[in-house]
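Chemist: Protein chains in written order, with numbering that gives the first Met the number 0: chain X, 0 to 265; chain V, 0 to 258.
Calculated directly from the structure, the hints in this document are not laboratory data. Treat each hint with caution, since some may be false.
[Stated by the list, open to error] The following label-pair restraints were derived from C-beta to C-beta distances:
1. V:Asp223 to X:Leu179: 44 to 52 Å
2. X:Lys10 to V:Ser126: 29 to 37 Å
3. V:Asn124 to X:Leu8: 47 to 55 Å
4. V:Ser240 to X:Leu16: 55 to 63 Å
5. V:Thr14 to X:Tyr113: 26 to 34 Å
From the three backbone atoms N, C-alpha and C, an ideal C-beta is built for every residue, glycine too.
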Amino acid sequence: MQTNKVELLHKRYLKSLQIEKRWVLLYQAIIFILFFGCWELLSQKQWIDPLIFSSPSKIWELFLAKIQDGSLLSNLGVTLTETVFGFILGTLLGTLLAAILWWSPMISKILDPYLVILNAMPKVALGPVLIVAMGPGYPSIIAMGAIISVIITTIVVYSSFREVDPNYLKVLQTFGATRLQCFKEAILPASFPTIISTLKVNVGLSWVGVIVGEFLVSSKGLGYMIIYGFQVFNFTLVFLSLLVIAVFATIMYQLVDLLEKKLIKE
Amino acid sequence: MSFLKVQDIHHTYFTKSSATTALSNISFTVEEGEFISLLGPSGCGKTTLLSIISSLLKPTEGTVLLEDKPISTSKNQIGYMLQQDYLFPWKTIEENILIGLKLSDLLNPKTKTNALNLLKQMGLNDSVVKQLPKQLSGGMRQRVALVRTLATEPKLLMLDEPFSALDYQTKLKLEDLVSKTLKEFRKTAILVTHDIGEAISMSDRVFLLSTRPGTIHKIFDIPDELRVLSPFEARNHESYSTIFQAIWKELESLEHANQ
C-alpha cells in the first residue's frame, strides 16, 4: 500500500519533469521560428535592406549552391582543421608552460609580470607579424588559433597545479618520490578536470584566432568567405558563413563537453 | 645502540614578520619494536617533529639517526600516515596500495602479492581491489592507507593523528587493528595524538610535549600489564585510569604554567 503510493508519487514527479521539458523545448522552437520568420518577412517586405541583411531563403539557396559546387565544404574543412589544431596546440603548450612554472618556482617568479602583460595584450594584434614570419598559410593561422589561448591556459592550469592538496605530495615524498614522479602521480591527474574545462574555453578562443587569421590571409576558409562577401557586398555569403561557423563551433563545444563527461566520471 | 636516536633538535619557522621556534632541545631514543606516543596540546610542534624524523623537513639544528645512520640518506625506511587517508581518488585501491612500491622501483609479483595479502589481513576482501576510494567508508579507506604505508616494509612508522577523522567506534576498532598489526610485524612506531586515552592504550611510552617552544616535558612509562593488552582492553583495565589521571594532571599544570 505504502510502496504503491510512493511509486505513484514518483511517476507523477517524472511526468511533471517531462512536461516542463516539453514547454522549454516549445519556447525554444518558438524563438527560433520567430527569429527566422521575422527576418524573412522583414526582408521580403523590404522593411530592412535586403542587400545588407539578406534573408533566410536566400541564404538557404546559396547554401545549396555552395554545397553543390563543393566550395563550402572545402572552406569549412580548412577552417575546421585549423581550429582543431589551434586549440589542441594552445591547450598542450599552455599546460606544458604551466608544468615548467610549477617545476621551478624561481622561473615562475621571474616570468610573472611577463605573463600578466602577455595575457592583457590582444593576441590577434600579432596576426600581421605571424603571417609575415610564417607565410600566409596553415601554419600562421594555426599559430593564431593557438596563441590566443596559450597564455590564459597557462595561468589557469598553473593555478590549479598549485591548489593541489600538499598532503598528496607529502604521501608521495614519504615514499621518496622525485619531483617528476610527484607531477605525474598527483599534480597532473588532480588538475585533469581543470585542463579539460580550459579545453572548452579554448574552443571558443581558437575560433576567434582562426577567423581573424583568415581575414588577414584571405585565401581560403570561412573567414575568407566572410571577408570576400564583405568586399563584393554579398552579405548573403557573409551570413551563410556566420551561420555555418555558429553550427560547427557549437558542435565542437558539445564534443569537448562529451569528452569531459567521459573522462571525468566522478 | 638505539634503533632511533633524535639528538638536540631545534626548529624555527621563518616568515617575513616573525621567527617562531616550534621545537627546542628535543632528544630521545627509541628501541626497535617500541611504540611511542607524542602527546600534547595543538600547536606544540608534534607534526613538525614527525616531519623532521621522517626527513621531510630539515631541522634548523640537530640530527636524527636511524640505526646510527643519518636519516636523510635512508630512503623508504619510514612510513607516514596522515590525519586523513589521502588515497588518490583517481586511482583504484590496488593502484593506491602499490604506489609506494612503484615509486621506489620495488614493484614485482612478490611484493604485489604481499601488499594484496596485507589488504586481506586488514579485513578488506578482493572485491575492493578494483574499486575507487570514494566507494569505501572512512574506516576502510584508513585501513587501505595503512596497507599503502606498510607495503614498502618501512622500518619506522609515523602516525600523524591517523584516527582523528574517524567516528569513535571505527577509531577504537582501528586502534586495535593497527596495534595488532604493528606488534605482529615488530614495527617501531611513533604516534602523534591529542587523545590521552589513545596514547595510553596503544603505546609503550608516552612523551608529553609542552608548547611554544615544544619540548619534552615528561615521559610516562606505560605499565607492562597495559602493554600486553589490546587498546580496547587496556581502556578498561584498572591501571588505565591511574595513568590517565597522572597525565591529565601534568597537562593541567602545563596549561597553568602557560597562563
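Chemist: Please list, smallest to largest, the hint numbers that this structure does not respect.
Modeler: Hint check: 3 fails alone, others pass.
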